[in-house]
Structures are given as structure tokens and as C-alpha cells.
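All chains, please: the whole structure from these sequences, using the hints.
2 protein chains.
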Amino acid sequence: MGTREAAAATPPGRLGRMTEQQKTPYDLPDAGGLSIGILGGTGDQGKGLARRFALAGHRVTIGSRKAERAREAAEDLGADLSVSGAENAVAARESDVVIIAVPWEGHKATLESLRAELDGKIVVDCVNPLGFEKGKGAFALPVEEGSAAEQAAAVLTGSRVVAAFHHVSAKLLLDPEVGEMELDVLVLGNDREATDLVQALAGRIPGMRGVYGGRLHNARQIEAFTANLISMNRRYKAHAGLRITDV
Amino acid sequence: MGTREAAAATPPGRLGRMTEQQKTPYDLPDAGGLSIGILGGTGDQGKGLARRFALAGHRVTIGSRKAERAREAAEDLGADLSVSGAENAVAARESDVVIIAVPWEGHKATLESLRAELDGKIVVDCVNPLGFEKGKGAFALPVEEGSAAEQAAAVLTGSRVVAAFHHVSAKLLLDPEVGEMELDVLVLGNDREATDLVQALAGRIPGMRGVYGGRLHNARQIEAFTANLISMNRRYKAHAGLRITDV
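Protein sequences, first through last, are from chains A and B.
For the first sequence, UniProt numbering gives the first residue as 1, with consecutive numbering after it.
For the second sequence, UniProt numbering gives the first residue as 1, with consecutive numbering after it.
Hints in this document: simulated from the structure, not taken from any laboratory.
Among the hints, a few may not be true.
Claimed, not checked - Using 25 Å as the maximum straight-line C-alpha spacing, the simulated SDA-like pairs for lysine to any residue come out as follows:
| # | chain 1 | residue 1 | chain 2 | residue 2 |
| --- | --- | --- | --- | --- |
| 1 | B | Lys237 | A | Arg215 |
| 2 | A | Lys171 | A | Gly57 |
| 3 | B | Lys66 | B | Glu117 |
| 4 | B | Lys136 | A | Asp191 |
| 5 | B | Lys237 | A | Glu144 |
| 6 | A | Lys136 | A | Gly146 |
| 7 | B | Lys108 | A | Pro142 |
| 8 | A | Lys136 | B | Thr157 |
| 9 | B | Lys134 | A | Phe132 |
| 10 | A | Lys171 | A | Gly146 |
| 11 | B | Lys136 | B | Lys171 |
| 12 | A | Lys136 | B | Asp246 |
| 13 | A | Lys171 | A | Phe132 |
| 14 | B | Lys136 | A | Val143 |
| 15 | A | Lys136 | B | Lys134 |
| 16 | B | Lys134 | A | Glu144 |
Stated by the list, open to error - Quick list of simulated restraints, FRET-style, between CB atoms:
| # | chain 1 | residue 1 | chain 2 | residue 2 | range |
| --- | --- | --- | --- | --- | --- |
| 17 | B | Thr157 | A | Ala109 | 37 to 47 Å |
| 18 | A | Glu144 | B | Ala116 | 33 to 43 Å |
| 19 | B | Thr157 | A | Thr24 | 30 to 40 Å |
| 20 | A | Leu130 | B | Thr24 | 18 to 28 Å |
| 21 | A | Glu180 | B | Ala116 | 52 to 62 Å |
| 22 | B | Thr157 | A | Lys136 | 14 to 24 Å |
| 23 | A | Gly179 | B | Arg115 | 47 to 57 Å |
| 24 | A | Leu130 | B | Leu130 | 18 to 28 Å |
Every residue, glycine too, gets a C-beta built ideally from N, C-alpha and C.
Put into C-alpha cells, the structure is as follows:
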């Protein structure tokens with residue numbers, strides 16, 4: 001699906017009717033027809049998201065530095081799902097919405113190399129800059145720009161950068177026994193149309209709900225919170241997720 | 001209630017039986033008999049916590065720099081609740097567990113002045129170092145020690161510092177129409193007995209559940225997350241809280 005059809009799936013009039021007074025996270029545009037690219041999609045989180053979005057009826061392209069590895073990851077997910085694999089640049093160019101799921105180490109360089117392909121697109125950053133140390137567990141790494149999402153926004157000045165999907169468990173996404181993902185996806189960004197669309201996209205996965213979580217300058221703690229979820233998982237032998245109450 | 005009785009309420013044997021393999025946040029010591037001091041308890045959050053803990057049957061002392069202001073705050077909550085007011089030092093000395101609810105600006109100086117009174121006690125820090133700017137909203141302030149909780153731990157080297165109660169809505173705590181607080185309180189700390197006890201304490205308030213949220217080095221993002229909750233409250237006209245799923 002090209003950008004023209006994506007525009008049709010989310011007509012400007014629909015978005016234009018939404019007001020600053022919106023009081024529920026359910027009055028959102030239709031994200032049903034969007035094609036999705038997942039850069040770094042050969043990792044568990046990227047593959048898991050690819051699987052769930054394909055199950056929800058989206059055309060998904062897994063991107064990787066090597067097309068061959070991306071194709072293998074797509075094949076792993078099964079021939080019955082509309083997931084294909086391609087080089088990152090191709091996956092970016094051919095998708096309406098592009099999710100960044102690369103390892104933090106390669107985050108900045110990957111984005112710098114894809115500025116042209118990502119220009120004008122909604123780019124969803126779900127990268128958590130975390131370190132691990134024995135005895136200390138997971139912890140947030142310092143990021144010069146404040147957060148991975150703000151780094152993406154600094155590099156991709158022509159893109160509409162949104163932060164989301166930080167807390168989804170890759171294991172649950174990939175588990176065929178798990179029909180519903182029981183969590184809210186916090187969606188952060190400075191562009192209301194873009195965050196609305198990504199909230200709607202999160203809502204396409206059964207059990208998930210997209211909830212607006214603030215502007216990009218408050219993304220750091222959302223990324224870092226993943227370290228706390230890892231601590232909870234360890235303590236409770238769980239796959240902890242978040243729900244927001246009273247919303 | 002003195003520390004000797006507090007020890008009786010949480011017998012060492014009980015704590016000793018808990019293992020590293022604990023898988024639910026419900027197998028916790030009995031916190032029923034603990035007396036609670038709330039420093040900076042004249043603010044809305046402190047007053048709200050005082051009200052809820054008194055309703056749950058705890059003896060609560062609101063602390064303030066001036067005893068007179070603390071007594072006024074206690075009287076505001078109604079004569080039927082076992083809440084009294086005193087100078088911060090007195091409230092600290094006479095309570096089993098001491099909650100720090102002072103404004104961030106006075107955080108370090110207040111704690112430095114109460115080192116002796118807080119020695120050996122469980123100190124629960126719920127302070128959120130936040131700034132506000134027009135057009136930007138709330139955001140996390142940089143803290144030299146990493147977080148308010150780590151600052152408390154650095155100052156109060158003889159205390160057992162726990163971080164908790166960051167995300168509770170003062171408005172809901174004080175609202176007589178609200179019978180249950182629908183949220184999980186994330187409890188962070190490096191001392192297992194202390195975090196268990198504070199989890200149990202959170203569970204004394206109807207609707208609340210105390211969930212272990214990691215060690216103190218991961219407190220910063222929990223404090224900062226309050227800025228995101230403020231964004232959600234604004235967007236959804238809500239009093240947003242957190243629930244942890246799969247735990």
C-alpha cells in the first residue's frame with residue numbers, strides 16, 4: 001500500500017475533527033490499511049511485532065542490514081502471514097509506518113543512513129538504551145539527546161518521530177499460545193496526528209491499547225522503565241506490562 | 001507504637017521464610033500495627049496519604065517545619081481519624097516508618113537535618129523532582145545523585161531507604177467519594193525486608209497494591225514517570241495511575 005492509500009485510510013477530515021479536548025484513547029483514526037516496516041526486525045521484539053501486525057491484517061516488511069537475514073526472519077514467521085524481508089532501506093521506502101527496533105548500539109548510525117528513505121514518514125522508535133551488569137541488573141544508559149526517541153528526532157529532521165512499544169514482551173508477542181497482549185502501549189510524540197495514528201496501530205493488536213504518554217522530552221523515563229519491568233519479571237517470574245487506570 | 005512492637009508485627013521468622021523465588025506480590029509481612037510519620041505532610045500528597053493510612057487503622061503523625069501547621073493539617077482531616085501533627089523531628093522520632101513528602105526544593109536540607117531521628121528507620125521517599133514550563137508541561141529535573149531516592153540514601157546512610165507512592169493522585173487520596181485507589185504502587189529499594197514491608201503498607205489502602213519495582217538505581221525513571229502521568233491527566237481529563245499486568 002502506498003502513501004496515497006495510507007492517506008485515504010486516515011483522511012485528513014477525520015484527523016481534523018479531533019479536538020484538544022479528547023477524553024478517551026478510543027476516538028482514533030483507522031490504521032487498518034497501513035503497511036508497516038520494521039527495521040532491525042530480525043531481533044525478537046521486531047519479529048514479534050511483525051507477527052502480531054501481520055496477524056492483524058497488515059502488510060509487514062522486516063528490514064535488516066542484509067536482505068537475506070530479513071527474508072529468513074520473515075520465513076520463520078510462517079508462509080501464511082503477509083510478512084516479507086528486505087534491506088532496511090527497502091523496508092523503509094516501501095512502508096507507510098516504520099518501526100525502529102534495532103539494537104541501541106546501532107541506533108544512530110542506522111538512522112543516519114536512512115534519512116532519505118524515512119523523510120516524511122511516521123517513524124516509531126521502540127529502542128530502550130539499557131545496560132546490564134552482574135549484581136546490578138538492567139539500568140538506563142545515558143543518552144546525549146535525552147532518549148533514543150529524541151536522538152531519532154534529532155537525526156530524522158524530516159520524519160514524524162513517535163516513541164512507542166517499549167514495554168511489549170518479545171516472548172509474549174512470539175508465543176502462539178498468547179491470543180491477547182494484556183498491556184497499554186504508551187505513545188509519545190510532539191505531532192498529534194502521528195501519535196493518534198500510532199495509538200490506533202497499537203490498538204490493532206488484540207488486548208493492546210495505545211495511550212498517549214506525553215511529548216518526546218518525556219521519553220527517557222519510558223525507555224528506562226523497561227529496566228524496572230525486567231526487575232519485576234525477575235522477582236515475579238512474569239512478563240510484566242503496564243495498564244493505565246482511569247483512562 | 002514503638003519499634004519493639006513494630007518488630008513484633010513483622011517477626012523476623014516471617015521475613016526469614018520469604019525466599020528469592022517469591023512469585024506473587026501478596027506473600028508479605030503484616031504491616032497492620034505500624035505507626036507512620038509523614039514529613040512535609042501538610043502538602044496535598046502527604047495529607048492524602050495520612051488520611052488513607054489513618055482510615056486503614058494506622059496511627060499517623062503529620063510532620064512539618066512548624067508544629068502548628070502540622071496540627072492544623074491533622075485537624076483538617078477530621079477528629080475521627082488518629083492523625084496528629086508535630087514538628088518533623090518529632091514525627092520522625094515517634095514513627096516506625098517515615099514517609100518523605102516534602103517539596104523537592106527542600107528535600108536534601110530536610111533530610112540532612114533529620115539524620116539522627118531517621119537512623120535505623122525505614123524511610124519511604126515519594127518525592128518527584130519535576131519542573132514545569134509553559135508549553136512544555138512537566139519534565140524531570142536532573143538530580144546529582146540520580147534520583148530523589150538515591151539522594152535520600154546518600155544523606156541517610158543509617159536508614160533503610162525505599163522509594164514508593166510516587167504516582168498516587170493527591171486529589172483521589174483526599175476525595176471522600178473515592179473508596180478504592182485503583183493503582184499499583186511501585187516499591188523500589190535495595191533492602192528486601194524494607195521493600196516487603198512497604199509493599200505490605202501500600203496494600204493496607206483499599207485498591208492499592210504494592211509491587212516490587214527494582215533497586216534504587218532504577219528510581220529515577222519512576223519519579224520522572226510522574227511527568228508522563230501529568231500529560232495523560234491533561235489529555236484525558238483523568239487521574240491516571242498504573243497497574244502492572246501478569247503480576
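Outcome of the hint check:
A C-alpha spacing of about 17 Å is found between lysine 237 of chain B and arginine 215 of chain A, which places the hinted pair at or below 25 Å, so the restraint holds. Proximity of lysine 171 of chain A to glycine 57 of chain A is assessed by CA-CA distance (about 21 Å); at most 25 Å being required, the pair is judged to hold. The straight-line distance between the Cα atoms of lysine 66 of chain B and glutamate 117 of chain B is roughly 17 Å, inside the 25 Å bound, and the hint therefore holds. Only pairs whose Cα atoms come within 25 Å are accepted, and lysine 136 of chain B paired with aspartate 191 of chain A is accepted, the gap being roughly 14 Å.
For the proposed pair lysine 237 of chain B and glutamate 144 of chain A, the alpha carbon gap of about 33 Å is over 25 Å, so the pair is violated. Between lysine 136 of chain A and glycine 146 of chain A the CA atoms are separated by roughly 22 Å; this keeps the pair inside 25 Å, and the hint holds. Between lysine 108 of chain B and proline 142 of chain A the CA atoms are separated by roughly 24 Å; this keeps the pair inside 25 Å, and the hint holds. At roughly 20 Å between alpha-carbon atoms, lysine 136 of chain A and threonine 157 of chain B fall within 25 Å of each other, so this suggested pair holds.
Among the hinted pairs, lysine 134 of chain B with phenylalanine 132 of chain A is inconsistent with the structure: their alpha-carbon atoms are about 37 Å apart, more than 25 Å. Proposed proximity of lysine 171 of chain A and glycine 146 of chain A is contradicted: the alpha carbons are some 28 Å apart, above 25 Å. Of the pairs offered as hints, the one joining lysine 136 of chain B and lysine 171 of chain B holds, with about 23 Å between alpha carbons and a cut-off of 25 Å not exceeded. At most 25 Å may separate the alpha-carbon atoms for a hinted pair to count; lysine 136 of chain A and aspartate 246 of chain B meet this at roughly 23 Å.
Simply put, lysine 171 of chain A and phenylalanine 132 of chain A have alpha-carbon atoms about 19 Å apart, close enough for the 25 Å limit, and the pair holds. With a CA separation close to 20 Å, the supplied pair lysine 136 of chain B and valine 143 of chain A stays within the 25 Å bound. Between lysine 136 of chain A and lysine 134 of chain B the alpha-carbon distance is near 38 Å, which puts this suggested pair outside the 25 Å criterion. Among the hinted pairs, lysine 134 of chain B with glutamate 144 of chain A is consistent with the structure: their alpha-carbon atoms are about 24 Å apart, no more than 25 Å.
At roughly 43 Å, the beta carbons of threonine 157 of chain B and alanine 109 of chain A sit within the given window of 37 to 47 Å. A hinted range of 33 to 43 Å for the beta carbons of glutamate 144 of chain A and alanine 116 of chain B is consistent with their spacing of about 42 Å. The hinted window of 30 to 40 Å between threonine 157 of chain B and threonine 24 of chain A is violated, with their beta carbons roughly 48 Å apart. The hint said 18 to 28 Å for the Cβ distance between leucine 130 of chain A and threonine 24 of chain B, and at roughly 26 Å that hint holds.
Between glutamate 180 of chain A and alanine 116 of chain B, the C-beta spacing of about 53 Å keeps the proposed range 52 to 62 Å intact. Between threonine 157 of chain B and lysine 136 of chain A the C-beta distance comes to about 20 Å, which sits within the given range of 14 to 24 Å. Distance hint check for glycine 179 of chain A and arginine 115 of chain B: the Cβ-Cβ separation is about 54 Å, which falls inside the suggested range of 47 to 57 Å. Range check, leucine 130 of chain A to leucine 130 of chain B: Cβ separation about 23 Å, and the 18 to 28 Å hint holds.
Of the numbered hints stated above, those contradicted by the structure are hints 5, 9, 10, 15 and 19, listed in ascending order.
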